[in-house]
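Order-wise, the sequence lines are chains S and B.
The opening residue of the first sequence carries number 194 in the working numbering; numbering runs sequentially from there.
The opening residue of the second sequence carries number 6 in the working numbering; numbering runs sequentially from there.
The set of hints was computed from the structure by calculation and includes no laboratory data.
Bear in mind the structure is a predicted one, so any value in this text is a computation, not a measurement.
This list has only true hints and no planted wrong ones.
Coverage of chain B stretches by chain S, computed from C-beta distances (three or more under 8 angstroms per stretch; other residues unrestricted):
| no. | stretch |
| --- | --- |
| 1 | 35–43 |
| 2 | 59–66 |
| 3 | 76–88 |
| 4 | 140–152 |
No residue lacks a Cβ here, since even glycine has one placed at the ideal position from N, Cα and C.
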Amino acid sequence: MTATVQPTRTAHIIHSDAEAIAVARTLAERFAVEASVRDRERRLPFAELDEFSASGLWGITIPKAYGGAGVSYVTVAEVIKIISAADSSLGQLPQNHLGVLDILLQTASEEQKRYYFAKVLQGYRFGNAFSEAGSKHAGAFETRIRFNADGARIDGEKFYCTGALFAHIVPAVAVDEENKAFIAFIERGSSGLTVIDSWDGFGQRTTASGGVTLDAVQVPLSAVIPAHRAFDEPTADGPISQIIQAAVDTGLSVGALEEAKRYARQSRPWIDSGQDHGWQDPFTIAAIGDLEWRVHGTEAILEKAGLAIDQALREPNEDTVAQASVVVAQAKVLSAESALLASSKLFELAGTRSVLGKYNLDRYWRNARTHTLHDPARWKYHLIGNFLLNGVKPARHAWN
Amino acid sequence: MNALSQATAHEKPEQSHDDLRRARELLQSTLTFVREQAKPWPGSGLARASDDPYVISRFGDLLIRIEVAAALQERAQALLAREQDVAEVGVAQAEAAIASREALLAVSNTEFELTGQRSPLPAALDEPLRWKYPLIGNYRLNGVVPPSFRSVV
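Required output: the full structure, derived from the provided sequences and hints.
Now the structure itself:
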């Protein structure tokens with residue numbers, strides 16, 4: 194099964210921040226019902242994604258001038274958090290799509306913006322063919338773009354292509370002979386584009402984060418944007434990419450904590466506690482209290498990160514972008530720690546029966562462990578500390 | 006809600022504010038010491054202590070703790086301004102109190118490690134942190150409103 198070259202239905206248009214959050218809550222309730230089954234069977238969420246993008250949520254960051262809602266990044270983070278609490282694979286899937294929308298806004302021509310924003314408002318989904326498993330580090334690319342008389346030709350091999358299998362259009366990063374990065378928007382069905390369902394990670398199992406091969410893919414110049422400009426100049430693109438990652442992990446921590454409470458209510462009392470029920474255990478109660486403040490603290494900083502991004506979008510300069518990077522890094526650290534902690538404590542508080550396969554509660558930890566590997570928290574402590582102690586502004590790239 | 010049931014009468018946000026203010030002061034004085042006086046660890050091969058990656062990332066950790074405490078205090082204040090439910094307000098204040106005290110203790114430990122000194126901390130015996138965790142947990146897990154938050158009218 195694969196995505197069609199165009200949406201199966203026309204998307205609803207969302208007009209406000211409040212509507213976006215209300216739509217996310219309704220969708221999350223439905224997505225929660227079969228989240229465990231999808232994970233267990235690795236049943237790819239084609240139907241759910243069609244519903245997700247048809248809801249209009251994949252177009253909420255498009256500015257009002259182009260027909261979108263131009264919502265705050267506080268709202269974007271809240272939406273991703275709500276969906277991820279129900280199913281973190283579904284929460285992660287719009288990540289690159291939303292990142293690409295901002296790169297379009299920052300670097301595309303007026304004509305390209307009108308064209309692609311209109312597509313997205315109709316329900317088109319972008320996947321991604323950015324990362325390469327074989328290059329020296331996450332920011333190094335070997336995929337080449339060669340400009341020619343008909344436009345440009347792309348050759349290379351990609352991995353961690355979250356969303357590509359479900360996408361109508363696959364944006365691929367490729368570098369020219371000067372190592373400058375461009376993004377080519379490649380329509381599904383294009384000759385030379387192959388999307389491979391090879392993701393078998395133990396978490397985020399239904400993201401289909403597998404491979405893409407690009408074999409002499411030809412695109413017109415109108416489908417190429419100078420993506421490198423999003424980082425040559427100070428823009429919020431790095432923090433935007435990161436806040437969505439942090440929102441996925443925050444959602445995971447919220448979902449895991451809710452499950453912890455639900456199962457802790459049903460647990461047996463420990464023999465030494467002298468209580469009739471597990472939920473009366475004074476140490477269980479205190480441990481829930483500890484998780485509560487940590488998860489709430491994470492949510493509060495995620496909101497601050499959204500505000501810092503809004504500020505960097507209003508007034509893009511070295512200082513506002515650095516500030517947004519630093520606050521988003523705080524959200525990244527906290528969300529990674531809260532997601533791992535809550536998804537592990539869940540078993541301790543719910544008792545031994547909670548590890549039984551029929552409950553599939555390990556999906557929270559598997560998802561948290563897998564998704565938090567996207568970029569390491571240890572370098573976020575360093576980024577924040579170096580700005581505080583030495584005034585060093587964070588490097589600008591998609592992981593800061 | 007009335008004067009007798011005000012969450013503020015039982016939870017003491019002033020204590021959290023003192024803890025956070027003190028945490029910020031100690032962070033600043035430790036930053037200044039590391040920038041101006043600290044010697045690099047000889048085995049690090051670095052010219053300045055402020056270039057030490059482990060010192061740098063430690064400050065990242067402290068700033069996160071302080072910002073969380075500040076954000077939770079703001080959240081508790083916002084709830085107090087609009088929320089009639091004293092238990093919700095009181096639980097939010099207890100969360101802010103934990104975050105503030107934990108931030109202060111983490112900063113104090115780092116001050117000791119990096120400067121060799123430990124500055125005095127605010128008195129805390131009448132606000133035992135250990136009883137704030139079960140207060141929050143019992144409310145969130147079991148819906149038990151702490152007796153001190155129950156309205157008497």
